[in-house]
Amino acid sequence: MNVASIFAHMPGDRPCLLFDGATQSYAQIRARAAGVRARLLAEGVGRGDFVALVLPNGPEFVASYLGVLSLGAVAVCINPMLAEVETAFILADSACRLALAQGDVAARLSLNGLPVLDAGIGPAPGAWASEEVPDDHPAVIVYSSGTSGRPKGVMLSHGNAAFTARSKVRYMGVTGADRLLLFLPLHHCFGQNAILLPGLFAGASVVLQRRFDRAAVLQSLRTDGVTMVFGVPTTFLALEGRITPADSPAVRYWFSAAAPLPLEVEERWHRHMGLPIHQGYGQTECSPFATYNHIHSLRRGKVGTAINGVELRIVDPADGRDLPAGEAGEIVLRGPNVMLGYLNRPEDTAKAIRQGWLHTGDIGRLDAEGYLSVEDRLTDLIIVGGRNVYPAEVENALYAHPAVAEAAVYGVSDPFLGEEVWANVVLKPSVSVDAQELEAVCRRSLAAYKVPTAFVLVDALPRNPTGKILKRELRAAARPVAQDPARRERGSELDSSRLESWVRDWLGRHLNLSPGAIERDRAFAEYGLDSVLGVALARELAAPLGRSVDLTLVWEASTLAGLLARLREAGAASAGACAVPAAT
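Residues 490 to 1073 (our numbering) make up the sequence shown, in order.
Some hints here could point you the wrong way.
[As the list claims (entries may be wrong)] Ranges between beta-carbon positions, derived for each pair:
| hint | residue 1 | residue 2 | range |
| --- | --- | --- | --- |
| 1 | Gly859 | Pro612 | 46 to 52 Å |
| 2 | Asp713 | Glu573 | 31 to 37 Å |
| 3 | Lys840 | Ile784 | 46 to 52 Å |
| 4 | Pro623 | Arg952 | 57 to 63 Å |
| 5 | Gly533 | Arg952 | 35 to 41 Å |
| 6 | Arg760 | Gly997 | 51 to 57 Å |
| 7 | Ala1059 | Val920 | 35 to 41 Å |
| 8 | Met490 | Gly533 | 36 to 42 Å |
| 9 | Gly662 | Leu752 | 37 to 43 Å |
[As the list claims (entries may be wrong)] Below are the EDC-like pairs computed for lysine to aspartate or glutamate, each with C-alpha atoms no more than 16 Å apart in a straight line:
| hint | residue 1 | residue 2 |
| --- | --- | --- |
| 10 | Lys840 | Asp856 |
| 11 | Lys917 | Asp869 |
| 12 | Lys917 | Glu895 |
| 13 | Lys960 | Glu1058 |
| 14 | Lys960 | Asp856 |
| 15 | Lys960 | Asp869 |
| 16 | Lys840 | Asp808 |
| 17 | Lys960 | Asp994 |
Note that these hints are calculated values from the structure, not bench results.
Small disclaimer: the values here were computed from a predicted structure and weren't measured.
Glycine included, every Cβ here is placed at the ideal spot set by N, Cα and C.
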């Protein structure tokens, strides 16, 4: 089968996609996807060719994604917000034949010599067609950073995508009457396989947004008839206290994944909203879900039971033996959701999939009824607002600075984003480096959410007898410092013009914009500022202000002029360099 055929027989006049105030029918989306298909055929693209999709959420992504898959070609999905060096690595590793992009991203890709098509391709007449392919034919490549510090291309098949979409429809009870809110990134398989494709498979309507923006989400919930909402824990923390049942009159289902949802948040939400937040468990390598919490038999604090067709075990990570109910061990699983493997990395594939079982690297336990709870991670993966950050990738960026002798990167608990990235750094003898220099070297090669928020300069790193760095000791030492609200406070006066310059420079660095091009009255969201970056800006404002800032302030202000006004009203008075926490 070809997963792009799943919506071929839906009535053409049924609403398919709601975006930016306009509704597009199933017939219109099919015609747009057919236009992409025809253009790719004209460029000589065919079965098995790799095509990069470097696009934000929008109808262009949906049409491009379906058009590529319909040919039996493979969509290499790339976050358009990645740093240029990160994008270049993915394009080289995947050997893409061409790319579909728009605007500044398209211009930047063209400079690298890659053929680029503008994704704003017009519709094509005629019936929708798709190339028949076997279930194990690759459909998409989603890059996920590996422990080596280099991104790994997770190969997901048509069978993987179809299984996840159908399972989602069955477990969540999606029907043609539903409207699914989709603000999670479509360049990841969560947005593709667990929201977009289930919606198309059920003949539902997908209410698509560029990114998570609290005001836009609340407005959509009030006016667009949204019935199902899918997010990450940060989504619900951002909405908590600012949403009432009256704001979401049609919503019947809330879903959270990608990181653990604190039980207290889940319970507060249920009490306030009258509906629970359901959870699921998985990772990119299982496209991306292996368990769901059931609609009619939800277990609080759990992430559900294995999806029908998926086998799940808890094993001793040392010897692989099965562990009894209630005992913690590594989560391993197998089924039609498990990836084909890592592109060009047979050794990594063999390590991850052993005798048909995917070894997740996560620690969990099953209760007597088969409900899973996720306890911890075997790996050192850091999850910042639902986005994966692998320490080795950040450590490699730090090693690009000639003064860095050793670096250890780890996650520290954060009440809003789940975790923040910290780095302990050992400098070479007789050199001096400050936090700003270390931050700058990271920003040259990393996406903004991967850059550490704190740098700890130390004389040595703790190790066990075999020389392995003990990151648990680093986390333990950092925890009380991270929880101290005064850790960033510094003296000295900051006037309004300097504060505006500081904010402009911050936005310019993080959004790849010229600071002078940022209009005072234009919404931050229009420049690409999402919820995670909004929290990061609010947190980092503590450095020039000399005091902590409400983490939702940026969203509430919405524009540069509004933010500066809110800060003046709050009596912003002091400034200073971003602090480097003292070593202990």
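Now for the hints, and whether the structure bears them out:
1. The hinted range of 46 to 52 Å is satisfied by Gly859 and Pro612, whose Cβ atoms lie roughly 47 Å apart.
2. Under the hint 31 to 37 Å, the C-beta atoms of Asp713 and Glu573, about 36 Å apart, fit the expected range.
3. Between Lys840 and Ile784 the Cβ separation comes to about 36 Å, which falls outside the hinted range of 46 to 52 Å.
4. With their beta carbons about 49 Å apart, Pro623 and Arg952 fall outside the hinted range of 57 to 63 Å.
5. Taken as a hint, the range 35 to 41 Å is violated for the pair Gly533 and Arg952, whose Cβ atoms sit roughly 54 Å apart.
6. At roughly 42 Å, the beta carbons of Arg760 and Gly997 sit outside the given window of 51 to 57 Å.
7. The hinted window of 35 to 41 Å between Ala1059 and Val920 holds, with their beta carbons roughly 39 Å apart.
8. Our hint of 36 to 42 Å for Met490 and Gly533 is violated, since their Cβ atoms are close to 25 Å apart.
9. Our hint of 37 to 43 Å for Gly662 and Leu752 is violated, since their Cβ atoms are close to 25 Å apart.
10. Of the supplied pair hints, the one linking Lys840 and Asp856 is violated, its CA atoms being roughly 27 Å apart against a limit of 16 Å.
11. With a CA separation close to 25 Å, the supplied pair Lys917 and Asp869 exceeds the 16 Å bound.
12. Between the alpha carbons of Lys917 and Glu895 the distance comes to roughly 8 Å, so the proposed pair stays at or under 16 Å and holds.
13. In summary, the hint linking Lys960 to Glu1058 is not supported, as the alpha carbons are separated by about 42 Å, beyond the 16 Å threshold.
14. Between Lys960 and Asp856 the alpha-carbon distance is near 29 Å, which puts this suggested pair outside the 16 Å criterion.
15. For the given pair, Lys960 sits about 8 Å from Asp869 by alpha-carbon distance, which is consistent with the 16 Å threshold.
16. Distance check on the hinted pair: Lys840 and Asp808 sit about 14 Å apart at the alpha-carbon level, within 16 Å; holds.
17. For the given pair, Lys960 sits about 33 Å from Asp994 by alpha-carbon distance, which is inconsistent with the 16 Å threshold.
Checked against the numbered hints given earlier, the structure breaks hints 3, 4, 5, 6, 8, 9, 10, 11, 13, 14, 17 and satisfies all the rest.
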